[in-house]
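Asker: Starting from the known structure of chain X, arrange chain C on it as the hints suggest.
Protein sequences appear in the order of chains X and C.
Under the numbering used here, read the first sequence as residues 1 to 395, first letter to last.
Under the numbering used here, read the second sequence as residues 1001 to 1268, first letter to last.
Everything labelled a hint here was simulated from the structure, so no lab data went into it.
None of these values were measured; they are calculated from a predicted model.
Careful: at least some of the hints might be erroneous.
What the hints assert, rightly or not - Result set (BS3-like, lysine-lysine): computed pairs, CA atoms no more than 27 Å apart in a straight line:
1) Lys-107(X) to Lys-69(X)
2) Lys-1266(C) to Lys-140(X)
3) Lys-1180(C) to Lys-1106(C)
4) Lys-1106(C) to Lys-140(X)
5) Lys-107(X) to Lys-140(X)
6) Lys-1180(C) to Lys-1266(C)
7) Lys-250(X) to Lys-228(X)
8) Lys-20(X) to Lys-1106(C)
9) Lys-228(X) to Lys-207(X)
10) Lys-1266(C) to Lys-107(X)
11) Lys-1180(C) to Lys-69(X)
12) Lys-250(X) to Lys-207(X)
13) Lys-1180(C) to Lys-107(X)
Take a look at the letters that make up each chain.
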Amino acid sequence: MNDPMIRLEGVTKRYPGQDKPAVEHIDLDIPEGEIVIFVGPSGCGKTTLMKMINRLIEPTSGRIFMEGKDVTRVNPDHLRRRIGYVIQQIGLFPHMTIRDNIATVPKMLGWDGARTDARVDELLDLVGLDAAVFRSRYPKQLSGGQRQRVGVARALAVDPPVMLMDEPFGAIDPITRDRLQNEFLRLQAEIGKTIVFVTHDIDEAIKMGDRIAILRDGATIAQYDTPKHILSAPADDFVADFVGSGASLKRLNLSRVRDVELTFWPTAAVGTDRAEVRSVLRASDKGAVLLLDGNDRPVRWVTARDIDRTDVPLEQAGLEPEAIVEPQATLQDALNLMLDSSHGAAVVVDGNGTYLGAVDFATVAHAVQAMRREAREQLRAAAEGSSHPGEVAAS
Amino acid sequence: MSVLTPGSTVVPDPDAEAPAAAPAPARRRRPLFGYLATPLVLGLACGALYLWIQGKELDSIEERLLNAEGIQNGVIEHLKLTGASTVFVILIAVPLGILLTRSFAKWFTPGVIALANIGQMVPSIGVLVLLALVWDIGFQPSVVALVAYALLPVLRNTIVGLQQVDRSVIESGRGMGMTKRRVLVRIELPLAVPVILAGVRTALVINVGAATLAAYVNAGGLGDIIVGGLSTSRDNVIITGAVLTAVLALFIDWLGAVVEDLLRPKGL
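This is chain X alone, in the form it adopts within the complex (with noise of 0.2 Å):
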C-alpha cells in the first residue's frame, strides 16, 4: 500500500473532568481514494475522532499527519480549507444563495468570480442539480435531498483531496437516502476522493465502506476492516453483536450475481413441440421449464400440468417470469425476488433481456459458504503472518 492519505498516531481526547479519555490512543491508516467508515454505538467518540482530524476538537494527544505531513500545529483554518466537511444537518447558510454558499471556501482562498461562478455550475451539474434553476435559489426553497447536494457539492468546491463527512444521510427519509447514497457511490467513482464518514448504521457502513472502523466506547478500534471480512469474520462478541444477527443476509448485499456461479435451468424454444418440452422437464430436477422466445428471452414459466392442457398454446399457459434480474443486482436482490417467486428462482438476464441463467436458493447458499471460507483463510493467513514473520519470509 503506498504512503496513507491521513495516519493518526496515539492521538487521545481527554476533557476535563472526566476519568475516561473520549477518545484513548488511536492508530489508523486511511488509505488514498477510499471511504473509510467510522462506526459504533452512540456516545463512543467516533465524531470526536473524526473532527479530530480537521482539528475543530483539539487532540490532547498524539499526532495527525494528511500527506505525510504533520498536520497536528498547522493554522487550523488553513487546513480545514483542504479538507471537505459535511455534517447531518448539512448547516446551509440560509441568507445566501446557493451559489454563495458553495462559494465559501473560493472566496476565502481568493478566487475571481468568473471562476467561481463556473466552479459552481460545474458542482451542480456534478451532484444532479440544474445550475441555471438552482445557483439563485435559497436554502429554504430546497427539498432536504437537494440540500444534502448542495452540501456535498459545497465540501467539494476547491476539489480538497480529503472529505469529512458526519452522518451525512441521517436526517433524510429512508427512500431519499437510499437514492442519494447510491448517488454518492457512483459520484465518489468519479472523483475517488479519500473520505472519513460517520455514521451509527451499520448497514449503511456496510452498503458505503471500503473499509469499517468498529470502534467501542473510548473510541478503541474493535476492528478495521473490509466490509466483506467484517461480515465473514468478525474479530469478537462485540463486532458481531453489532453488526447483528442479520450477518449472512447482509454480506449478500456485497456481492453481485455476476459474482457467481449461475445454476442451470431447463429451457425450450416458444413453438416447440409439447412432448419435447415434457421431456426436457423430465430430464432436469426442476418442477418448471422456462420458456424462451425467438430472442431468447424469457416468457413463462411451464409445469408439468401446463403442458397437459390443450386448450391454451403453450406460451399463454403457466406464470410470466417475475423475478427477473441483471447480473449487477447484489444477491440480496435476487433473494428477494427469489422469495416471492413462482419456482424458488431468480432468472438472469442481460442489459437486452436475453437470458443467461438462473439464481436459485442453492447458488445463494453456495456463494455465502465460499465468502465465509475465503475469509477466514485471509485471516488466518494474515494471523500466521504476524506471528510468525520468520516462517513466511523463509518459506
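Answerer: Structure of chain C alone, referenced to chain X:
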C-alpha cells in the same frame, strides 16, 4: 444521476422528492396598504386633535402652551433625545452583546445582564433626579438616563439573536475554515439582524415614552407640554401633549417595522 448542462431546458426533476418551495425569492413583505395604514391613521388622529382644539375657547395660559412653534420645537427636541439615546444604546449594547456571547465571556454574562436589568427596573425619573443632583440638568444627563433605561432590550435581543443562530450553521462555517471573526461577521450577525432590530425598535418606543420625563430636568421635548399642562391644571394641554407623544411613539414604531422589513436578510 442525471447531469444537466447549464442552460439546458429543465428536464423533469430527476428525483421524486417533494417539490421545492415557491421559486421566487421569498421575502415577507406586507401589501402596500399594510405599510400605509399606520401613517394614515396617525395623520387622522393628529387632524382630529387639531380640529378638537380649534373648536375650543383657549385661555391665555393654554394659548401660551399650545402654539405651533412650541409644539414644533417640542417634537424636534423629543426626536433629538430619542435619537441620541438610541444611537448610544446601539453603540453600547450591540458590541456588548457580541462580546457576551463569545465563549470566553460565559462567566460574566449573567452579571452584565443583571446590571442592565437594574437599569431598566429603576424608575427613569429617579435616575434623572439623581443625575441632576450629582451632575447636571439638561440634554446630556437626560440622554444618559434614557440609555440606562433602554439598554436592556437591545442587549438582550443581541444576545438572544446571536444565540438562536443554528449551531450547525456555525459549525459548518468553522469546519470549512472560516475564522471566528468571519463566522461572526458573515454568518452570525446577518442571521441575528431581525432579532437585534426588534430590540432596537422596542428601545426606540421606550425612549419616546421615557423622554417626556426629561422635561423635569429642563431638557425640553413634548414632556414640556404635558408638564406645563399638569402644573397649570389645563386638561386640554395635557391631552394634546399625551396624544402627540403617543402618535410619535407609534410613528417611530412603524418606521422601525419598515426598516426591519428592509434589512431582514433574504432567504430567511
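Asker: Each hint: holds or not?
Answerer: So, going through the hints one by one against the coordinates:
Proposed proximity of Lys-107(X) and Lys-69(X) is supported: the alpha carbons are some 26 Å apart, at most 27 Å. For the proposed pair Lys-1266(C) and Lys-140(X), the alpha carbon gap of about 10 Å is at most 27 Å, so the pair holds. Only pairs whose Cα atoms come within 27 Å are accepted, and Lys-1180(C) paired with Lys-1106(C) is accepted, the gap being roughly 16 Å. Of the supplied pair hints, the one linking Lys-1106(C) and Lys-140(X) is violated, its CA atoms being roughly 32 Å apart against a limit of 27 Å.
The hinted pair formed by Lys-107(X) and Lys-140(X) meets the criterion: a straight-line CA distance of about 22 Å does not exceed 27 Å. For the hint linking Lys-1180(C) to Lys-1266(C), the alpha-carbon distance of about 23 Å falls within 27 Å, and the restraint holds. For the suggested pair Lys-250(X) and Lys-228(X), the alpha carbons sit about 9 Å apart, so the restraint of at most 27 Å is met. Under the criterion of a C-alpha separation no larger than 27 Å, the hint pairing Lys-20(X) with Lys-1106(C) is consistent with the structure, at around 26 Å.
Distance check on the hinted pair: Lys-228(X) and Lys-207(X) sit about 10 Å apart at the alpha-carbon level, within 27 Å; holds. With a CA separation close to 20 Å, the supplied pair Lys-1266(C) and Lys-107(X) stays within the 27 Å bound. Distance restraint check for Lys-1180(C) and Lys-69(X): the Cα-Cα separation of roughly 25 Å lies within the 27 Å cut-off, and the hinted pair is therefore satisfied. Simply put, Lys-250(X) and Lys-207(X) have alpha-carbon atoms about 9 Å apart, close enough for the 27 Å limit, and the pair holds.
Distance check on the hinted pair: Lys-1180(C) and Lys-107(X) sit about 16 Å apart at the alpha-carbon level, within 27 Å; holds.
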